[in-house]
Amino acid sequence: MDFTQLIFYVAAGLAVVSSLLMITRKNPVFSAMFLIVALFSIATIFVLLGAHFLAALQVIVYAGAIMVLFLFVIMLLNLGHDFEPDIRGRLGWAFMGGLGLVLFAEILTAVQGAPGDAGGDVLTPWFEAKGVVAGVAEPLFRDYAVAVEITGVLLLVAMVGAVVIARREA
Amino acid sequence: MGPLSTKAFLIIGAAKMLMIFVGWLTAVAGVTLAERKIAAWIQDRSGPNRVGPWGLFQPIADGLKNFLKEEVRPAGSSRWVFYLAPVISMFPAMVVFAVIPIAAPLPTRWGTVNMIVADLPIGILYILAIASLGVYGLVLGGWSSNSKYSFLGGVRASAQMISYEVALGLSLVPILMVAGNVTLPQLVSQQQDALWYILPLMVGYLFLTASYFAETNRLPFDMPEAESELVAGFHTEYSAMKFAMFMLAEYANMVTAAALMATLFFGGWDIPFWSGDNMTLAADGSVAGAAPAWWKTTLTGLCFAAKTGFFILVFIWVRWTVPRFRYDQVMSLGWKVLIPMEVVYVALLGGAMLYLDYLGIPFGTRYALYLTALNVVLMLVIVFVVDRNRIILGAGWRQTRPQRVKSEWIEYADRRQDSR
Numbered sequence: 001m002d003f004t005q006l007i008f009y010v011a012a013g014l015a016v017v018s019s020l021l022m023i024t025r026k027n028p029v030f031s032a033m034f035l036i037v038a039l040f041s042i043a044t045i046f047v048l049l050g051a052h053f054l055a056a057l058q059v060i061v062y063a064g065a066i067m068v069l070f071l072f073v074i075m076l077l078n079l080g081h082d083f084e085p086d087i088r089g090r091l092g093w094a095f096m097g098g099l100g101l102v103l104f105a106e107i108l109t110a111v112q113g114a115p116g117d118a119g120g121d122v123l124t125p126w127f128e129a130k131g132v133v134a135g136v137a138e139p140l141f142r143d144y145a146v147a148v149e150i151t152g153v154l155l156l157v158a159m160v161g162a163v164v165i166a167r168r169e170a
Numbered sequence: 001m002g003p004l005s006t007k008a009f010l011i012i013g014a015a016k017m018l019m020i021f022v023g024w025l026t027a028v029a030g031v032t033l034a035e036r037k038i039a040a041w042i043q044d045r046s047g048p049n050r051v052g053p054w055g056l057f058q059p060i061a062d063g064l065k066n067f068l069k070e071e072v073r074p075a076g077s078s079r080w081v082f083y084l085a086p087v088i089s090m091f092p093a094m095v096v097f098a099v100i101p102i103a104a105p106l107p108t109r110w111g112t113v114n115m116i117v118a119d120l121p122i123g124i125l126y127i128l129a130i131a132s133l134g135v136y137g138l139v140l141g142g143w144s145s146n147s148k149y150s151f152l153g154g155v156r157a158s159a160q161m162i163s164y165e166v167a168l169g170l171s172l173v174p175i176l177m178v179a180g181n182v183t184l185p186q187l188v189s190q191q192q193d194a195l196w197y198i199l200p201l202m203v204g205y206l207f208l209t210a211s212y213f214a215e216t217n218r219l220p221f222d223m224p225e226a227e228s229e230l231v232a233g234f235h236t237e238y239s240a241m242k243f244a245m246f247m248l249a250e251y252a253n254m255v256t257a258a259a260l261m262a263t264l265f266f267g268g269w270d271i272p273f274w275s276g277d278n279m280t281l282a283a284d285g286s287v288a289g290a291a292p293a294w295w296k297t298t299l300t301g302l303c304f305a306a307k308t309g310f311f312i313l314v315f316i317w318v319r320w321t322v323p324r325f326r327y328d329q330v331m332s333l334g335w336k337v338l339i340p341m342e343v344v345y346v347a348l349l350g351g352a353m354l355y356l357d358y359l360g361i362p363f364g365t366r367y368a369l370y371l372t373a374l375n376v377v378l379m380l381v382i383v384f385v386v387d388r389n390r391i392i393l394g395a396g397w398r399q400t401r402p403q404r405v406k407s408e409w410i411e412y413a414d415r416r417q418d419s420r
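Each protein sequence line maps, in turn, to chains A and B.
Residue numbering for the first sequence follows full-length UniProt numbering, beginning at 1 and increasing consecutively.
Residue numbering for the second sequence follows full-length UniProt numbering, beginning at 1 and increasing consecutively.
No lab work stands behind these hints, which were simulated from the structure alone.
Hints are supplied without guarantee of correctness; some may be wrong.
As the list claims (entries may be wrong) - Okay, the calculated bits of chain A under chain B, using three or more residues with CB under 8 Å as the criterion:
(1) 50 to 57
(2) 61 to 73
What the hints assert, rightly or not - Here are the computed distance ranges between Cβ atoms for each label pair:
(3) Phe57/B - Val122/A: 54 to 64 Å
(4) Val381/B - Leu123/A: 38 to 48 Å
(5) Pro139/A - Leu64/B: 49 to 59 Å
(6) Val381/B - Met159/A: 26 to 36 Å
(7) Thr151/A - Gln329/B: 26 to 36 Å
(8) Val61/A - Pro74/B: 28 to 38 Å
(9) Val22/B - Met96/A: 45 to 55 Å
(10) Thr151/A - Val343/B: 15 to 25 Å
(11) Leu359/B - Arg142/A: 20 to 30 Å
(12) Ser332/B - Phe95/A: 44 to 54 Å
(13) Leu68/B - Phe95/A: 49 to 59 Å
(14) Gln329/B - Met159/A: 18 to 28 Å
No residue lacks a Cβ here, since even glycine has one placed at the ideal position from N, Cα and C.
Next up, chain B with everything else stripped away, as it sits in the complex:
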């Protein structure tokens, strides 16, 4: 079958947009409930359980409440910017989803449809471009409120997000190097042919996760908000639905980040250990690899949803497990730890790839396995040499394996604990 006709393309494109928009909004609403439920389980509570069975309708009740609440605009605030800021903060998370492939190509009467809204030739760069706009909502919201607490929150937020944008961009470089292209459908098909990039690029995944936690302002990097020790930051003066928009934007960013992690490192919609879904759609409408089928599209879509759901779970899990970094720790982790380590990693990876090319090994499973070996070594170096129990293994490790600590104060504390 040939490519879609223009009319079919427009109609199907609109349908895809509507589908992804509705699905994504539903997911965001679900995540707000999931966050509260999982928090409750982690803290041994029941969580919201009054509205509907298991509190399932809680997001609807929350939304309704926020619509009915009074909107307050602080005196002396800048009206247009004040109203615009929540919208701007929603926008980037939404449009990034346009380049994420959500399922295997779907065969229809009018031709095979790629399950992606826009297969841009600049895929990952588009993500970086849009992600770099996310900070405006926070900054402008903080500034336009005409309140010093909001303002300080806005400055805090922008400083953090600018810093981690660099780390985020650099953490995508290893993928670009190995993949040799930037479009996400091709990334997915390469991962189907070789290995999921989590294995050959696991150190890169570590960096990406750290940067994404900071970019989405989630714990342990939720400095822009820091509601428990600093005032809530840039949205202090916001009320009702506009406040809810900022909250939704955070969850929306989380959903998008989770979907990206699944796509970039965990094979996207690929179902592992099954070659029945290894298909790629060319621009002329022909399909290479396995034959597309509607049930394959459904299964891969569910697989993508499951992977995304897992990473959302990780986001929530981390939030209710680890405490917040101090502001100077956040900054030094970004500039003095992540960025230099990423540069070194890119250099090492580049060297390894050059050597593999020199040996004449083509891109494939074997190539990926060699890179996996390199990454395992680097991972061990990071955990046991570079980190030295400061961040990754942290306090829990110290408790299970008592170590010689130089500080007299900690020795004193340990002795007191032992004698108890």
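Isolated chain A, as found in the complex:
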């Protein structure tokens, strides 16, 4: 087996196992920690695909910022103890299991319906020509500049809204 393949299987296996552990732990702190492991493993897979910049963003944004905030909130609200699962009873499990199966089937059909590898590897030459960072940044800030700006405004609106809601109760 190729060395790269070995890393892929380790990372992918870690992602699957830690995702499973994340949804089965009763303590939110452990769930958050396994989610971090899962995000890290996915970042590793991004690196294997040559998308270094995406991997860095994955770690900076998700593992480094959002999950720290998650942990912070869990601790601040003192939720660091065991919880009963939200899914209760045989009916609830059956319903959730069925929903999961439906999602899985949808993903399978989506993958099968997707266009094959007809164009060959487009990304590697693109990144080699543009550089790892500029290869992502250029389309983002040239072709999709308006969408990026609108998303920024949307986030700002969400932030202002959160501040307003928080102030009303005080």
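Fit chain B to the given chain A structure using the hints.
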């Protein structure tokens, strides 16, 4: 000579990792001693002087003592997380060193070796990514101890580190803008060609230093610990080697931060005023610029060590000179002072760069000198207009140059001092 063969690459890579790991650990041990020695000099004491000549073996004695001490795990603490937290806090400082070039390329029989463990195409972003993980050790350590003091320390630590991560990221933006790329070897070679970035980007260096002092939890930002007025924070319940791991992590972060400051703003391994080391190694193994030689690698490595050592000295010096900020001061400095100022700086710098491009000046010494002029002006504005003796010049300035103070209480205190 062509690039290294895969086998040579693996063996040399492992050797480099081992070398940097051992050197870095030795440096960390040395820094724990240096901190105590320099503290002693600043406070007019002798410092540790019993173990070995000048107390040189003190770190070994400390380590041995910590290994032999009893490990205590508080009742009701979460075992796995409690054991994991010190490890997690060590990890980021260690792996960041992988992207820092430590010397000029070394010629060997198998090809020219880049003196960097991993020349990632995302250099600085990798540093940001790993640095953002440093907070987990503190938070989890505080939470898993099952003690309210540790817990409050953990919350305090995470709030501070999240706040200053934003400032740290923004303080790296000017470098990215001027350099136009993110890998550290290229940053070094650009600084060799033009000027060290400390001159054209000195305001950025000010921001970076402030953010790094906060990120490494050093005074004047050591809120997570604050051992003299609050309980020691997230590691209150830790004992023996696990406590020592947290302490080592602080020094390790300091060493890494010092190395980064040297690399980003002070030319890395570049020896100033000497063009014999201006060389860059391309991916195909060819070297541009001066010819590599083993003695050049040694000299540049020593130069890098000297620069890093200087910044470690600055870290220690500041710790034993200035008092701690209050918590609300730390927070308002981060969110209300540093981040807005950094945004304004990035905007101004961007404008200046656009104008220089419009004038058609290529990147080089002249370009850097124009940016230096801008930065000197901005620096004066910050010190004399924005800061107004509040933080940077501070109390010492007031003592040497009495100023009209509006507060009656301070006038009263001054009069009392004058009459004495």
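Hints versus structure:
Remark: the segment 50 to 57 of chain A is confirmed as covered by chain B, as 5 of its residues place a Cβ nearer than 8 Å to a Cβ of that chain, reaching the required three. Counting residues of the segment 61 to 73 of chain A whose beta carbon lies closer than 8 Å to any beta carbon of chain B gives 7, which reaches the threshold of three, so the coverage claim holds. Between phenylalanine 57/B and valine 122/A the beta carbons are some 60 Å apart, a value that agrees with the proposed interval 54 to 64 Å. Distance hint check for valine 381/B and leucine 123/A: the Cβ-Cβ separation is about 45 Å, which falls inside the suggested range of 38 to 48 Å.
A C-beta distance of roughly 57 Å is found between proline 139/A and leucine 64/B, which places it inside the suggested range of 49 to 59 Å. In this structure the hint that valine 381/B and methionine 159/A lie 26 to 36 Å apart at CB holds, the actual value being about 30 Å. The hint said 26 to 36 Å for the Cβ distance between threonine 151/A and glutamine 329/B, and at roughly 34 Å that hint holds. Range check, valine 61/A to proline 74/B: Cβ separation about 34 Å, and the 28 to 38 Å hint holds.
Our hint of 45 to 55 Å for valine 22/B and methionine 96/A holds, since their Cβ atoms are close to 52 Å apart. Distance hint check for threonine 151/A and valine 343/B: the Cβ-Cβ separation is about 19 Å, which falls inside the suggested range of 15 to 25 Å. Between leucine 359/B and arginine 142/A, the C-beta spacing of about 24 Å keeps the proposed range 20 to 30 Å intact. Between serine 332/B and phenylalanine 95/A the C-beta distance comes to about 50 Å, which sits within the given range of 44 to 54 Å.
The supplied range of 49 to 59 Å is met by leucine 68/B and phenylalanine 95/A, whose beta-carbon atoms lie about 57 Å from each other. For glutamine 329/B and methionine 159/A, the hinted distance range of 18 to 28 Å is satisfied, since their beta carbons lie about 24 Å from each other.
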